[in-house]
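> If you want the building blocks of each chain, they are given just below.
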Amino acid sequence: MVMHRWFLCIGLVLAFPAQAQPELSEADFLAEMPTVLTASRLSQPLMDAPNSITVIDRKQIEASGYHNLADLFRLAPGMYVGFKKGWFHNVTHTFAAEYARRMQVMVDGRSVYLPSIGGVRWDTLPLAIQDIERIEVVRGPNAASFGANAFTGIINIITRHPDDVAGRMLQLAAGNHDRREALFRWAGRSASGSHRVTLGERQDNGFDDHHDDENSRMLNYRGEFELGNQENLGLQFGALWGDRGEGRSTDVSFQPHDQEVVSGYFQADYQQQLPSGNKLQAKLFFNTLDTTEDVPVSLIPGAYYEADLLAQRWHAEFELDSSHGDNLRSAVGAYVRRDSVRSLLYFNDTDKLHVDSHGLFGHLEWRMANAWLLNTGAFWEDYEMVGGRFSPRATVHWQPSTRHSFRFGVSKAYRNPVLFETSADYRVRLLTADGLPISTQVPGFPDVLFPDILASGNVAPESIVSREIGYIGLWPEQDITLDVRLFRERIANFIDVQCSTGKKGCKTGEPPYRDWYNLEDVMQQGYEIQAKWNPAPNNMVMLNHAYLEIDTDIEYQEYSPPKMTGLHWLHRFGRDIDMTLSHYWVSSFTAIDQDRIPRYQRLDARLAKSFRIKDMRGQIALTWQNLTGTYMEFHDSPRNAFDRRANISFQLDF
Amino acid sequence: MFRRLACQFLFCLLCSPAGAAGVVHLILSDDGPAYQEVASAFRVGIGARLHVKVWSLAELDVAQMQALTRAYDLVVPVGVKAARFVAEYHAGRAPVLALMIPRATSEKLKWPAGLARKHISAVFIDQPPERSLALVEVVFPSARNVGLVVSGENEVVAKTLVKAAAQRNLRMNVATVGGPEDLPPALRRVLAESDVLLLVPDSIAINAGNAQNVLLTTYRFRIPVVGFSQGLTKAGAVASVYSSPAQIGLQGGQFALRLDADGELPAPGYSRENSFAFNPHVARSLGLVLPSEAEIRGKLESSNDD
Chain A
1 MVMHRWFLCI GLVLAFPAQA QPELSEADFL AEMPTVLTAS RLSQPLMDAP
51 NSITVIDRKQ IEASGYHNLA DLFRLAPGMY VGFKKGWFHN VTHTFAAEYA
101 RRMQVMVDGR SVYLPSIGGV RWDTLPLAIQ DIERIEVVRG PNAASFGANA
151 FTGIINIITR HPDDVAGRML QLAAGNHDRR EALFRWAGRS ASGSHRVTLG
201 ERQDNGFDDH HDDENSRMLN YRGEFELGNQ ENLGLQFGAL WGDRGEGRST
251 DVSFQPHDQE VVSGYFQADY QQQLPSGNKL QAKLFFNTLD TTEDVPVSLI
301 PGAYYEADLL AQRWHAEFEL DSSHGDNLRS AVGAYVRRDS VRSLLYFNDT
351 DKLHVDSHGL FGHLEWRMAN AWLLNTGAFW EDYEMVGGRF SPRATVHWQP
401 STRHSFRFGV SKAYRNPVLF ETSADYRVRL LTADGLPIST QVPGFPDVLF
451 PDILASGNVA PESIVSREIG YIGLWPEQDI TLDVRLFRER IANFIDVQCS
501 TGKKGCKTGE PPYRDWYNLE DVMQQGYEIQ AKWNPAPNNM VMLNHAYLEI
551 DTDIEYQEYS PPKMTGLHWL HRFGRDIDMT LSHYWVSSFT AIDQDRIPRY
601 QRLDARLAKS FRIKDMRGQI ALTWQNLTGT YMEFHDSPRN AFDRRANISF
651 QLDF
Chain B
1 MFRRLACQFL FCLLCSPAGA AGVVHLILSD DGPAYQEVAS AFRVGIGARL
51 HVKVWSLAEL DVAQMQALTR AYDLVVPVGV KAARFVAEYH AGRAPVLALM
101 IPRATSEKLK WPAGLARKHI SAVFIDQPPE RSLALVEVVF PSARNVGLVV
151 SGENEVVAKT LVKAAAQRNL RMNVATVGGP EDLPPALRRV LAESDVLLLV
201 PDSIAINAGN AQNVLLTTYR FRIPVVGFSQ GLTKAGAVAS VYSSPAQIGL
251 QGGQFALRLD ADGELPAPGY SRENSFAFNP HVARSLGLVL PSEAEIRGKL
301 ESSNDD
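Respectively, the protein sequence lines represent chains A and B. Residues 1 to 654 in our numbering are what the first sequence spells out, letter by letter. Residues 1 to 306 in our numbering are what the second sequence spells out, letter by letter.
Simulated from the structure, these hints should not be mistaken for lab results. In this text, a Cβ means the ideal position worked out from N, Cα and C, and glycines have one as well. Take these hints with a grain of salt, some might be off.
Stated by the list, open to error - One-sided excerpt, in silico: chain A residues whose CB lies under 8 Å from chain B:
id, residue
1, E23
2, D28
3, F29
4, T402
5, L474
6, D636
Claimed, not checked - Which stretches of chain B does chain A cover? Using the computed rule of at least three CB atoms under 8 Å from a CB of chain A, they are:
id, stretch
7, 78-86
8, 100-106
9, 142-149
10, 175-188
11, 219-225
12, 277-287
Claimed, not checked - Below, in silico cross-link-like pairs of lysine to aspartate or glutamate (DMTMM-like), each with a Cα-Cα straight-line distance of 20 Å or less:
id, chain 1, residue 1, chain 2, residue 2
13, A, K283, A, D269
14, A, K532, B, D195
15, A, K59, B, D195
16, B, K118, B, E137
17, A, K59, B, E193
18, A, K614, B, E181
19, A, K352, A, D308
20, A, K609, B, E193
21, B, K163, B, D195
22, B, K234, A, D326
23, B, K163, B, E193
24, B, K110, B, E153
25, B, K299, B, E130
26, A, K532, B, E193
27, B, K299, A, E477
28, B, K110, A, E23
29, A, K563, A, D71
30, A, K614, A, D576
31, A, K609, A, D653
32, B, K159, B, E137
33, B, K53, B, D260
34, B, K108, B, E88
35, A, K614, B, E193
36, A, K59, A, D653
37, A, K283, A, E201
38, A, K59, A, D576
39, A, K84, A, D258
40, A, K614, B, D182
Here chain A stands alone, though its shape is the one from the complex (with noise of 0.2 Å):
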């Protein structure tokens, strides 16, 4: 009855919003307010969290300067950024690779994963910085709560509510290396609903004599809908298109040439909140992402292969939250997942192959007692290709106060491989340049290749075993947070590709083809820290230092950092003038498949200065990146220089 009365009066807000509000009373302090934040509906805090995680805030993402995505990871301990070219960006969380197949990306809870090859596109995901609300980093396994392949992290990236971004916001950019950049968005309410749509068009030159060029057009629109009944349902799509540069004019079979890219989404949210208290969730999505290109080949004139790859994903799932008194606390789901993948190249099929997964999971959060409190979870999963795996967890907490929390958990997490690990049947169909088979041009030339990666589809998940102790101490009077983390975690049956001989470098192109094994178990261990210092009002120092040893008969026996140093400053002149300092020291190591790039350090500034003219508010920024001098990222071999860069932003929201 109670609740009857307060949509009554909530609707009766809605629908005759002009009118005069009513004079206070009493019952403004003694009335009941629609509890909105109820124990199940938050996500947990830090401290009881059973992972490491690195929350990197609006304030840090707009004082970054950042225009590139992955960039923002620059700012978590232990996260390895690096640019394999100019817009193809990998973030790793140990295991730096081309494709960052061991760690989990999500955006609003939608995986953008890719199952084709595995890793995420970034440069591909229509979604804009100024749209991020903050991004979550957990470092560490996290299998248990979001199944195969949180191998060694997640991220979470949280896109703003429309109602938090009411209005409209242009912003204009330019740099070196023939960077443009514009985006608008609007957001406003109806009577339906909040919405938020933004537009953006992006250019890029990439590093110098490279073609890896870029531009990209892309739209997104949020919605979020009060349905009445604590039930609300939030609905996104989107799309990005452009074109890549891609090739080089050193490689014979892969010529410079342009790669066009289409990806979108779709994504629905459902949730209620139960008169118990409880909440239930249920996620409905689709990512698609179609890559086209001609490449090239120099040793017959204008011959070419198609290498097309079109990546989708359908998932749909559903979560109940469940608070069962002050000390105990569940969380239950389930889901179901197809993901399609089509090329004619990395297949040898001109059907879309299917995988189904589907799986379940639990996790329980117990305070024991006062200072002590219990996580454990779990997460089935059955993947088509390789069966049902169990990804169990526990931490236990010691909270001796309220300031200080110790966590000591194991966890073991498998990867599942992609199609490409699983199904590969990597053919080269040559062309001529009126798109006939080669032999039409070159009599008894082969149309189709023999295989360059031919899958047995023999291969198992990779697992790792994680132990970790972590600590997370605050100083609320000195505004000062620790997070420490260690740990010790053994990988096994770790998958790579390469000849039958038991090496990398067989002869491509010749039997016996290059497959994909279980290799040497890889044991890894080392320690995270993540200070943050706000010695005084609107200055904050934050401090990340990463330390990693590996122990393996692996070829790359240091295919992540050993040391990674981030401090970083930010600091507010007056009341309209931001600057912020970033610097960066990374040790010399060499990722999977790639060549040994020796250490470097990095220094990034941004000064940033706001105004107002009427209601309109605006910042012009300037932000420079690398101004310690040219470094080599990712790769020595081509050498991929990145220069010092400067650019120039313009935002007015009004």
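Following the hints, put chain B in place on chain A, whose structure we already have.
Relative to the frame of chain A, chain B by itself:
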């Protein structure tokens, strides 16, 4: 003529509440538990000295109200509805002590011109601005910027808060809204520059209809809220300072005794006693570490002593 005036004077003296073991008419706006709590506590506060007659507003008509206020017995409306009814039909004699009404509403009530100021008082349901600020300071020791969104009706409160904040080395980010449509942008602007949002009762800035949206917005901004009621804390504010109906009723009883003893009511004011409510779930979810309740109370009490 003179005889009539002399009779009236004598009658007044006889009927004067000072020293008289008269009746106190407690008029409840509603029969709800909060009003009953005020009535019970009022009886406790007043002791056995005065007879208390409790009325429900619904059972009083205009004529009865005029009859009640024509006498010199203390009339104690509880809640805004009762206070407004008493003010509207006050016959000009009975002292009035309004309980559990917001200060802003109390100041708008019009009393008969002949009713002496010493015979009009109130115990407010809201809190003195300084008290709310003290709570902010104790619960969020590292907060420097305190957000506040109010409408014109709270102009004075906002000014008081700005002054009090400066003394505590805090800065208030104040946004004033003209109507409900101004609220979302004002709230976002304030939240972007604040470490904590302070809510004060305001018919436009925070009410039952918009509380859900206001709290959700603050949560999305990850800014903690200090509220002014148990309901707000339960709904999502991290902490609130408030006066319970019992605390207000008890103080009302003490005011009535003062009238009985001195012939005049203390000036309208805030309840001396107050309570705190905390929402540890929300605090933890925002990654905040609240000092223990005992620690908070201890610090607030010592700041009161200062």
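> Are any of the numbered hints broken by this structure? If so, which, sorted upward?
6, 16 and 37
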